[in-house]
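Asker: One letter stands for each residue in the lines below.
2 protein chains.
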Amino acid sequence: MTTVLQQAADARVAAIDLAAATRTEKDRALELMADRLVERSADIVAANEVDVTNARASGVSESMIDRLTLTPARVEAMAQGLRELAALPDPVGDVVRGSTLANGLELRQVRVPFGVVGIIYEGRPNVTADAAGICLKSGNAALLRGSGSALSSNAAIVSVLRKAVADSRLPADTIQLLDATTRDSVKELMRARGLVDVLIPRGGASLIRTVVEESTVPVIETGVGNCHVYVDEHADLEKALAVTVNSKTQRLSTCNTAESLLVHAAIADRFLPLVLPALFEAGVTVHGDPQVVAYDSQVVPATEEDWGTEYLSADLAVAIVDSLDDALDHIRQYGTGHTEAIVSESVTATRRFTARVDAAAVMVNASTRFTDGGEFGFGAEIGISTQKLHARGPMGLPELTSTKYIVTGNGHIRR
Amino acid sequence: MTTVLQQAADARVAAIDLAAATRTEKDRALELMADRLVERSADIVAANEVDVTNARASGVSESMIDRLTLTPARVEAMAQGLRELAALPDPVGDVVRGSTLANGLELRQVRVPFGVVGIIYEGRPNVTADAAGICLKSGNAALLRGSGSALSSNAAIVSVLRKAVADSRLPADTIQLLDATTRDSVKELMRARGLVDVLIPRGGASLIRTVVEESTVPVIETGVGNCHVYVDEHADLEKALAVTVNSKTQRLSTCNTAESLLVHAAIADRFLPLVLPALFEAGVTVHGDPQVVAYDSQVVPATEEDWGTEYLSADLAVAIVDSLDDALDHIRQYGTGHTEAIVSESVTATRRFTARVDAAAVMVNASTRFTDGGEFGFGAEIGISTQKLHARGPMGLPELTSTKYIVTGNGHIRR
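Protein chains in written order, with this note's numbering: chain F, 3 to 417; chain A, 3 to 417.
Where hints are given, some of them may not hold.
Heads up, incomplete: computed chain A residues facing chain F, CB under 7 Å, no partners named [stated by the list, open to error]:
{"no.": "1", "residue": "THR218"}
{"no.": "2", "residue": "MET365"}
{"no.": "3", "residue": "ASN412"}
Calculated lysine to aspartate or glutamate pairs in the EDC-like style (CA-CA distance at most 20 Å, straight line) [as the list claims (entries may be wrong)]:
{"no.": "4", "chain 1": "A", "residue 1": "LYS165", "chain 2": "A", "residue 2": "ASP12"}
{"no.": "5", "chain 1": "F", "residue 1": "LYS165", "chain 2": "F", "residue 2": "ASP37"}
{"no.": "6", "chain 1": "F", "residue 1": "LYS241", "chain 2": "F", "residue 2": "ASP271"}
{"no.": "7", "chain 1": "F", "residue 1": "LYS189", "chain 2": "A", "residue 2": "GLU215"}
{"no.": "8", "chain 1": "F", "residue 1": "LYS189", "chain 2": "F", "residue 2": "GLU215"}
{"no.": "9", "chain 1": "F", "residue 1": "LYS165", "chain 2": "F", "residue 2": "GLU41"}
{"no.": "10", "chain 1": "F", "residue 1": "LYS241", "chain 2": "A", "residue 2": "ASP186"}
{"no.": "11", "chain 1": "A", "residue 1": "LYS189", "chain 2": "F", "residue 2": "GLU108"}
{"no.": "12", "chain 1": "A", "residue 1": "LYS165", "chain 2": "A", "residue 2": "GLU27"}
{"no.": "13", "chain 1": "A", "residue 1": "LYS241", "chain 2": "F", "residue 2": "ASP19"}
{"no.": "14", "chain 1": "F", "residue 1": "LYS189", "chain 2": "F", "residue 2": "GLU124"}
{"no.": "15", "chain 1": "A", "residue 1": "LYS189", "chain 2": "A", "residue 2": "ASP12"}
{"no.": "16", "chain 1": "A", "residue 1": "LYS165", "chain 2": "A", "residue 2": "GLU41"}
{"no.": "17", "chain 1": "F", "residue 1": "LYS241", "chain 2": "F", "residue 2": "GLU347"}
{"no.": "18", "chain 1": "F", "residue 1": "LYS165", "chain 2": "F", "residue 2": "ASP19"}
{"no.": "19", "chain 1": "A", "residue 1": "LYS165", "chain 2": "A", "residue 2": "GLU78"}
{"no.": "20", "chain 1": "F", "residue 1": "LYS189", "chain 2": "A", "residue 2": "GLU216"}
{"no.": "21", "chain 1": "A", "residue 1": "LYS189", "chain 2": "F", "residue 2": "GLU216"}
Quick caveat, the hints were computed from the structure, so don't treat them as lab data.
C-beta atoms are modelled at their ideal positions from N, C-alpha and C, and glycine is treated no differently.
Could you build all of it, start to finish, from the sequences and the hints given here?
Answerer: What follows is the structure in structure tokens.
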């Protein structure tokens with residue numbers, strides 16, 4: 003048995019006791035994990051310095067270095083995240099549906115943990131504590147496959163967390179770190195069907211595609227966001243301006259950032275002279291279709307590729323559409339099913355848009371940036387699902403659970 | 003583009019209008035489908051005779067012939083199934099969750115269809131009408147890949163259904179039959195990610211395993227059932243007897259039929275002399291562990307293989323266990339996560355069993371045979387899921403939907 007499969011088997015055993023743990027027991031573990039991270043902050047920062055030194059030596063960009071770097075304040079923030087998880091309600095045991103059948107059988111559909119959750123992620127080492135905490139609170143054992151660049155940091159964090167879990171009398175194997183020095187650990191994790199219940203890849207499009215294509219373990223896809231703002235002919239121009247600029251510029255590199263603006267032809271003459279200068283002012287490069295180019299010499303002509311691009315930068319593709327249905331067709335062709343927004347005062351238009359757009363979230367007169375577990379009030383978020391199976395949109399704690407039917411009778415038999 | 007991919011693309015187009023169809027429109031289509039099946043009953047039965055003749059010529063067993071055969075009464079039953087679907091509530095549009103956020107944004111999580119559902123099935127041609135109806139009611143376009151042995155029957159049924167759908171002003175491509183003369187259509191369906199939203203394989207273990215291993219389209223597994231009845235030391239013997247015999251013999255070849263009986267050692271001396279004669283009387287072959295063999299000369303010694311076998315026949319594996327936890331270990335090792343039953347009067351024992359058994363359904367003092375959409379009151383059932391993602395246990399209409407967040411503001415932007 004390979005190391006990964008052995009770790010998965012150990013996680014399965016740990017998951018049995020964890021699934022039966024009470025909220026009190028789990029919250030005590032989360033609080034202890036938080037306390038210990040703070041206590042051991044100096045050790046964690048020292049371990050992180052090894053990773054940062056290695057990253058610098060291999061010429062990694064300063065923005066990547068910043069993402070990798072831990073400070074006492076960042077460790078404190080990790081701890082605070084765990085304390086916030088402790089304060090959230092426990093999804094496990096929630097009765098989703100229940101009834102008494104005609105024959106007297108008592109039927110309850112109850113939330114239960116998945117069991118073992120594999121998380122593949124890149125970048126910041128704070129995801130390690132975050133993912134471990136979310137899995138623990140939802141009663142799942144976590145197999146964490148972090149970034150090779152954060153080896154030393156992740157090892158230090160997981161070592162502290164495992165000790166805290168064990169000291170709180172829950173199984174240490176609830177949290178395990180997989181080998182990040184080789185791609186083999188990802189491959190083995192993807193084939194561990196029966197040992198691992200669900201895989202969540204968090205990272206770039208190519209990682210997600212590989213996992214989706216090759217995994218026999220069920221996957222929850224946290225996909226890319228090519229999000230659109232559609233400004234309808236019945237839009238309030240002021241709201242349209244605010245929503246467009248905010249959707250594009252409030253933060254550039256997130257999946258819920260708008261990448262395209264579609265403007266109804268009937269309102270283009272009034273809206274484009276408003277929005278284009280505002281976008282330029284905010285430092286945005288506008289890639290426009292031929293009609294949009296005609297409005298302003300600063301507009302760069304858009305190529306076919308622009309419509310399908312998730313820029314994650316200060317770029318915005320802008321097109322004029324002849325109707326709401328043309329906007330829907332455009333979104334259907336180029337959208338990724340993440341977040342689509344309409345700005346309109348027309349009930350008829352917004353009703354048609356919300357009914358016909360196929361996306362995890364549809365915004366009416368609101369910024370695309372609101373698609374977020376925190377903004378939705380979920381308290382914790384493990385990612386934003388762009389698939390339709392199991393979970394769609396921001397995933398909170400309940401999305402990390404399955405259900406089980408418990409049926410109670412008194413010697414009932416079927417006739 | 004291959005035929006299957008073209009059909010999938012046509013289904014996607016049809017799915018857009020279908021997703022926006024009202025319950026009234028869908029129910030009218032279902033009623034018309036039912037009426038037309040009855041009107042065209044003679045043609046359907048004639049088409050079926052071709053399949054039956056071919057099956058006879060190739061030496062298929064009489065029980066398979068029976069499953070394949072359509073009669074006017076069976077066509078009427080198919081129609082009746084569609085009418086019952088029309089009478090069920092529409093899951094589409096249900097608000098699963100909703101709130102008004104602190105900033106005034108109105109958040110609603112609404113049920114929406116998946117879009118395009120692929121169903122791969124074997125055996126009875128009545129599944130064709132059943133699956134098409136369930137998909138239509140839940141707003142999904144159906145790609146039906148039936149059995150090669152039912153080619154002519156399925157073509158006749160789908161032709162009638164498509165005409166009825168078109169006449170009711172919904173898109174005919176809502177229902178499409180895939181080529182069942184080649185395995186290539188299954189392969190193409192499994193790789194049609196982006197065109198097909200979910201695949202449901204219904205059939206033998208090897209078909210399901212192939213689809214799970216090879217599909218890049220998300221799969222809902224309707225798996226095998228190696229179901230156990232555990233008779234606890236605190237069992238009421240009469241209830242234990244009734245539940246055991248019913249779980250095993252009420253119907254032999256279903257996935258919720260019990261295949262193993264586990265008896266607590268403390269009660270074996272009283273229970274086995276009761277249950278063994280009753281099982282023999284019902285024609286059951288008992289495969290027992292060495293302790294069970296000692297109780298009756300008719301008991302066949304069980305091999306290791308027996309514990310993991312879904313017999314689907316009049317066979318039952320019987321073991322004596324020393325404790326409830328030993329029963330849980332046995333079930334963990336050999337169970338398939340379908341249905342597990344405990345017979346016990348002890349609250350402590352049933353609480354531990356229901357909390358720790360990892361299965362879609364857990365029965366307390368009730369027959370395993372109750373795990374069924376009809377018995378649970380769901381009205382319609384597309385299968386019983388043994389996976390944990392998205393749907394677990396009997397799948398009714400809501401399990402054929404996803405959700406979408408609709409967020410309404412008044413020019414809201416994120417700060």
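Asker: Each hint: holds or not?
Answerer: We went through each hint and held it up to the structure:
1. THR218: holds, 5 Å
2. MET365: holds, 5 Å
3. ASN412: holds, 6 Å
4. A/LYS165 <-> A/ASP12: Holds. A/LYS165 to A/ASP12 sits at ~16 Å (cutoff 20 Å).
5. F/LYS165 <-> F/ASP37: Holds, because 12 Å separates the two Cα atoms, which is no more than 20 Å.
6. F/LYS241 <-> F/ASP271: holds, 16 Å
7. F/LYS189 <-> A/GLU215: holds, 14 Å
8. F/LYS189 <-> F/GLU215: Since the Cα atoms of F/LYS189 and F/GLU215 sit roughly 12 Å apart, the hinted pair holds (cutoff 20 Å).
9. F/LYS165 <-> F/GLU41: It holds: about 13 Å lies between the C-alpha atoms, which stays within 20 Å.
10. F/LYS241 <-> A/ASP186: violated, 52 Å
11. A/LYS189 <-> F/GLU108: violated, 42 Å
12. A/LYS165 <-> A/GLU27: Distance of about 15 Å is within 20 Å: holds.
13. A/LYS241 <-> F/ASP19: Between A/LYS241 and F/ASP19 the Cα gap is close to 30 Å, so the pair fails against 20 Å, i.e. violated.
14. F/LYS189 <-> F/GLU124: Roughly 16 Å between the alpha carbons, so the hint for F/LYS189 and F/GLU124 holds.
15. A/LYS189 <-> A/ASP12: OK: A/LYS189 and A/ASP12 at ~18 Å, within 20 Å.
16. A/LYS165 <-> A/GLU41: holds, 13 Å
17. F/LYS241 <-> F/GLU347: Satisfied, since the Cα-Cα distance of roughly 10 Å is no more than 20 Å.
18. F/LYS165 <-> F/ASP19: holds, 17 Å
19. A/LYS165 <-> A/GLU78: Holds - the C-alpha atoms of A/GLU78 and A/LYS165 are around 18 Å apart, at most 20 Å.
20. F/LYS189 <-> A/GLU216: Answer holds: F/LYS189 to A/GLU216 is near 15 Å, not above 20 Å.
21. A/LYS189 <-> F/GLU216: holds, 15 Å
Against the hints set out earlier in the document, violations occur for numbers 10, 11, 13.
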